[in-house]
Each structure stands twice: as structure tokens, then as C-alpha cells.
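Trainee: Line by line, the protein sequences give chains C and S. For the first sequence, position 20 (counting from the first letter as 1) is numbered 20 according to the UniProt record's numbering, and the numbering increases by one without interruption. For the second sequence, position 246 (counting from the first letter as 1) is numbered 246 according to the UniProt record's numbering, and the numbering increases by one without interruption.
Any given hint could turn out to be false.
Since copy identity is lost for identical chains, a pair holds within one copy or between any two.
[Stated by the list, open to error] Listed next, the in silico DSS-like pairs over lysine-lysine satisfying Cα-Cα at most 27 Å (straight line):
1) Lys204 / Lys190
2) Lys273 / Lys245
3) Lys273 / Lys5
4) Lys190 / Lys5
5) Lys73 / Lys204
6) Lys86 / Lys5
7) Lys159 / Lys273
8) Lys245 / Lys86
9) Lys190 / Lys55
I should point out that these hints are in silico values taken from the structure, not numbers from a laboratory.
Spelled out, the chains give:
Protein chains: 2
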Amino acid sequence: MAFPKQVRLVEMSPRDGLQNEPGPVIATAIKTGLIDRLADCGLTHIEAASFVSPKWVPQMGDAAEVMAGIHRKPGVCYSALTPNLKGFENALAAGVDEVAVFGAASESFTRKNINCSIAESLERFAPVVEAARNHGIPVRGYVSTVMGCPYEGDIAPAKVAEVARALYDMGCHEISLGDTIGVGTPLKAKRMLDAVAAHVPVEKLAAHFHDTYGQALANLYAVLEDGVAVIDASVAGLGGCPYAKGASGNVATEDVLYLLNGLGINTGVDLNKLVATGHWICQQLGRHNGSKVGQALGGNCQ
Amino acid sequence: MAFPKQVRLVEMSPRDGLQNEPGPVIATAIKTGLIDRLADCGLTHIEAASFVSPKWVPQMGDAAEVMAGIHRKPGVCYSALTPNLKGFENALAAGVDEVAVFGAASESFTRKNINCSIAESLERFAPVVEAARNHGIPVRGYVSTVMGCPYEGDIAPAKVAEVARALYDMGCHEISLGDTIGVGTPLKAKRMLDAVAAHVPVEKLAAHFHDTYGQALANLYAVLEDGVAVIDASVAGLGGCPYAKGASGNVATEDVLYLLNGLGINTGVDLNKLVATGHWICQQLGRHNGSKVGQALGGNCQ
Numbered sequence: 001m002a003f004p005k006q007v008r009l010v011e012m013s014p015r016d017g018l019q020n021e022p023g024p025v026i027a028t029a030i031k032t033g034l035i036d037r038l039a040d041c042g043l044t045h046i047e048a049a050s051f052v053s054p055k056w057v058p059q060m061g062d063a064a065e066v067m068a069g070i071h072r073k074p075g076v077c078y079s080a081l082t083p084n085l086k087g088f089e090n091a092l093a094a095g096v097d098e099v100a101v102f103g104a105a106s107e108s109f110t111r112k113n114i115n116c117s118i119a120e121s122l123e124r125f126a127p128v129v130e131a132a133r134n135h136g137i138p139v140r141g142y143v144s145t146v147m148g149c150p151y152e153g154d155i156a157p158a159k160v161a162e163v164a165r166a167l168y169d170m171g172c173h174e175i176s177l178g179d180t181i182g183v184g185t186p187l188k189a190k191r192m193l194d195a196v197a198a199h200v201p202v203e204k205l206a207a208h209f210h211d212t213y214g215q216a217l218a219n220l221y222a223v224l225e226d227g228v229a230v231i232d233a234s235v236a237g238l239g240g241c242p243y244a245k246g247a248s249g250n251v252a253t254e255d256v257l258y259l260l261n262g263l264g265i266n267t268g269v270d271l272n273k274l275v276a277t278g279h280w281i282c283q284q285l286g287r288h289n290g291s292k293v294g295q296a297l298g299g300n301c302q
Numbered sequence: 001m002a003f004p005k006q007v008r009l010v011e012m013s014p015r016d017g018l019q020n021e022p023g024p025v026i027a028t029a030i031k032t033g034l035i036d037r038l039a040d041c042g043l044t045h046i047e048a049a050s051f052v053s054p055k056w057v058p059q060m061g062d063a064a065e066v067m068a069g070i071h072r073k074p075g076v077c078y079s080a081l082t083p084n085l086k087g088f089e090n091a092l093a094a095g096v097d098e099v100a101v102f103g104a105a106s107e108s109f110t111r112k113n114i115n116c117s118i119a120e121s122l123e124r125f126a127p128v129v130e131a132a133r134n135h136g137i138p139v140r141g142y143v144s145t146v147m148g149c150p151y152e153g154d155i156a157p158a159k160v161a162e163v164a165r166a167l168y169d170m171g172c173h174e175i176s177l178g179d180t181i182g183v184g185t186p187l188k189a190k191r192m193l194d195a196v197a198a199h200v201p202v203e204k205l206a207a208h209f210h211d212t213y214g215q216a217l218a219n220l221y222a223v224l225e226d227g228v229a230v231i232d233a234s235v236a237g238l239g240g241c242p243y244a245k246g247a248s249g250n251v252a253t254e255d256v257l258y259l260l261n262g263l264g265i266n267t268g269v270d271l272n273k274l275v276a277t278g279h280w281i282c283q284q285l286g287r288h289n290g291s292k293v294g295q296a297l298g299g300n301c302q
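In isolation and in its complexed conformation, chain C is listed as follows (with noise of 0.2 Å):
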């Protein structure tokens, strides 16, 4: 076993874990509310909106309103989704620290989802890869259904290889590997894992596990054994799973930091604040904590 000693937690609450929610569009004030509660907690790398066509994700409408509210604090990374070169100029307007595209590692998700290939989808970052390296901005690319898709099942660990490969050799910094449906377990999420870092280096990737069959927590601990030290994750489990209602889906920023501190990882974060920002979002939101560190320390930690 080889622990990282340090984790870089990549916080997803703003992006995909709003954009996720249903009912009316939240307030552009909570969205700013979050994101600075976020940073205080010492998290610093937080992806803050995506900026993609409103008619798509009203949620995401505000994104670069979003961007102007927040209290840039220094070494806090502010990242953004931006699907096409469009997205990215306006991303590029608003100031955020890096971009990220996203693809998957399933034709059929892939066809459901932007009704082209994956070969397509991955000619369609190339110009947003391009104008981001211009610009000086790293890019951040995701595979999601890296181990399983909700069309076709089970996706072989060469295939999510093939897409992760492409998208590093395309100039992605960081490669974040999406179990969407969450329907992972360790051993698959080894062989997964194997499978990319054989292709780009396993510092180079990020884990990102749903909870939907509630095994996040241990196949992230299966990947830590192997090396990887960055880890998606969403406070409070932000963004349900679009798969089966009322699932979960991001496995839980407390959840996995508690995790992290009881292997005696460093993340620079802490627990108590960021167990209070979860109970504040679900306030805001009125929705169920879906983080169980949440649930068990209540609403008494400040």
C-alpha cells in the first residue's frame, strides 16, 4: 500500500451538484453564498458554474454572474465546465482559473447525451483545448461511465483508457474518471484505474466516484492504495443521480474527508466548517443532508 500523503479534494457542489437539483433556479446569491463558504473551508480547487446554454441548464444560466459575485480568495483554483468554444470565451470572460470538457467512455451515453461519437465528441474539445492553451488556462478533461453506463452496462477498462488517453495527449492537465452511475466496486475501480495509469500517469487523475449503490467511499479507498490524490467529491452530496430518483449521486465532500483524515491524509480542509456549509446549502436548498458525517454531527458543529 502507497497512501498520498496529501489530497487535492475537488469540489463539485456549485456544478454538478446544483445543476442537478430540481425545482426553480437557485438564487445566484446562494451560488456565490456557497462557493465563498467553500473556500473558507480550505477547499482549492472548486468548480463554480458551467457555462453552457442556458436552454440546456437553466440552473447554470448565471454562470458568469456567479463568477463576478464571488471573493476570489488566492490559491483557490475556480473552475468551469465549458462544453464548446463558446462556453469557453465566456468562461474566459469571466475570469475562472481553468476549464474542463467532458466526455465519456460510452458510445450510447455519449450519442444519448450530445447525439455524436465519442471520436466526435473528442474533435469537438480540440478547438476549446487549443484556445485554453492560447490563454494560458489549464484544461481539465472528465470520462464519465468509466465502469459502468446506464445504456449498455458494464464498459471495458481499455475503452475508458482509449478516451482518458485521448484527452491527455489533447492537452488536458488532469484527467477526472467518472463512475456517473456509481455502480462501481473496488475491484473494478482497480482495474479500471490500472487500466488508465498505464496510459497517463496516475498523478494525473482524479477520482470521481457516485454513490448511487453507496460503495463510493471504499472504491476511493481502493484507488488510494493505488497512488491516486485527487478526489472529486460534492458537499453534503450535492446533485442527485438523473439515473433513479432519489438515489445518490456525488459522493459526499464530508463523507470522504472524514475518510481522508482517518487514513492520515493532509487536504488542508476542514471538517467541522465544511459539515456546517453542508447543513447551510440543504437550509438554502431545503433539501435532506445527503452526507452521513453531516447527518451524525447534526446541526451543533459551526
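Here the structure of chain C is known, so what remains is to put chain S in place on it, guided by the hints.
Mentor: Below, chain S without anything else, positioned relative to chain C:
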């Protein structure tokens, strides 16, 4: 890594689950319906009741009626908690296959729970174990608070080992190690297990991990790596945490089974039937289904 090929799941819901349910006393027919359904899922070890004074645990007041009402399936071990000799005699009369005594690794917890020292608690168990031996009834020994105590915090692994060994030497055939408040993390679980396994053979140990902080599956994965092959769990996560309102207690059997299936470990338990049983009991009790697998699969599986 040396995962076991086969794991025995010990189903806790009829006892450790239901005894913690708030609200009115649950009808005997619901309890027997649950137990019969669990046996039909393929579970071979079900803790069916607690033969304890109804003054202490009103929810378990019908233990004898439960034992009389179930349809006993050949090959299934129906066990019961028997804190004292009177409880043992009643359990024997009711025809249980196995009895269990319940100790703790924390002096403060023992004092608060049963108003005596650990040493005194072991003295109280001795006549139960002896009587069981005389009747050829195997005895399971529980050790609670193995990774932390609500009153004194950390518990030394050596203390857990001492109590586990005392129960084993007394004649308990299996020792179930309980993280009663769910505060453990994987390396802590491994250290605790290693300390105990130096005194009691690992094949005589069971992991009874609560999911209060969401760590149970990661902890189970960690001790499976070390050869633990008996796991206690409760369908639908039945039984909350008496130490944190609204928090989780027992890890859900469905979620454990999903993990084990993913690791290729055989249990003989049918996941779809188990999920259906979880939904059934939650409907009967009007409570939330605490299994993430249950939530993800909804009520669709039969």
C-alpha cells in the same frame, strides 16, 4: 490481498434493527414476516430476537412468539440475544439455534449500559455460556465500541483484543466486533482487527460495522482484505443510531451484498429478493429505506 471466497452474512434486522425502531411496538406478524422473507433471500444466519426483560426493551417483548411464529427453514440458524440465564432459558424453550452475549471494549460504555465493569460483565456471561454448552447451543460473543466509545472516545485495540479473547476463551464460538457508533476508518479497522486476530483466529471473527459516518463499506473492504469472512448487517439499514438522532446505525445488508457480489465473493443471498424485502419492511414500518442499493433500485425489483 487474500479475500475470502465465501462470506456468511449475519442478518441483524429482526433484533438489532427493530429493537432501535422508535414508535409503537411492532406486531409479531411483521417480525415473523421479515424473518421468513430474509430466510427466503438465502440468508443462513438470522438474529431473530432478544430474550431480555420487556421492561428494558419493549420492542423485543414477544421474542418467544416470534420464534414460535416463524417458518423454520432447514439450514438456517435462528439466533437470539440472551443477556442472562433467565433469557437463555427462555430462548432455549423457544427453540433458538444459537444464543449471544453482548459485551463492550469500553469501561464507560459498559458502566452506562449495564452498570458494571467489563470484568463483572464477563462474570455475568459465564453462567450463560456454561448453560449453553450443557445444552449443546453455540454462543456468539459481541464486543461493542471496538473503534470508539460515545463516552470515552478512542478505544485501544489491545483492550478489544482482551475482551474478545476473554469471550473466546469462555467458549464463544464466534466473536462479533462492533463499531457501535460507526466512527472507524479502514486503517483503524485493520489495526483493531490485527490486534484481535493475534489472540482469536480470524475465521472466528465477524465484522459488525455501523455506517453512522458512511465508512462501513470501506472498513469492511479493508478487513475483507485481511480475511474476515463473517459480516453482520441489517436489511434497509434498519435500526438507527441511538447516539445521533437521524443518523445511520447498521450498515445495510443490500449494500454489503452489492460490494461482495462486485468482489466475486459468494454469499448465497439473492440481491433482488433482499432489496424487495428491504422495501417491504420499510413499507410496513413507514420508514425511509436506509440502503443506497435499495434507493437506487427503487421498488422495481421484485
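Trainee: All the hints need checking, so say for each whether the structure fits it.
Mentor: Hint check results:
In the homo-oligomer, the alpha carbons of Lys204 and Lys190 lie at most 27 Å apart inside one protomer (16 Å), although the nearest pairing across protomers, at 29 Å, exceeds that limit. Proximity of Lys273 to Lys245 under the C-alpha cut-off of 27 Å is restricted to the inter-copy arrangement: shortest distance 20 Å between copies versus 30 Å within a copy. Taking the closest pair of Cα atoms, Lys273 and Lys5 come within 27 Å of each other only inside a single copy of the chain (22 Å); across copies the shortest separation is 42 Å, beyond that limit. Proximity of Lys190 and Lys5 under a CA criterion of 27 Å is satisfied in both settings, with 19 Å inside one chain copy and 19 Å between copies.
Taking identical chains as interchangeable, the C-alpha atoms of Lys73 and Lys204 lie at most 27 Å apart only when both belong to the same chain, with a minimum of 24 Å there against 53 Å between chains. Taking the shortest alpha-carbon separations for Lys86 and Lys5, neither the intra-copy value of 39 Å nor the inter-copy value of 53 Å comes in at or below 27 Å. Proximity of Lys159 to Lys273 under the C-alpha cut-off of 27 Å is found in neither arrangement, the shortest distances being 39 Å within a copy and 33 Å between copies. For the identical chains of this complex, Lys245 and Lys86 are neighbours neither inside a copy (32 Å) nor across copies (48 Å), given an alpha-carbon limit of 27 Å.
With identical chains, the CA atoms of Lys190 and Lys55 are never at most 27 Å apart, being 38 Å at best within one copy and 50 Å at best between copies.
The structure fails hints 6, 7, 8, 9 (numbered hints given earlier, in ascending order).
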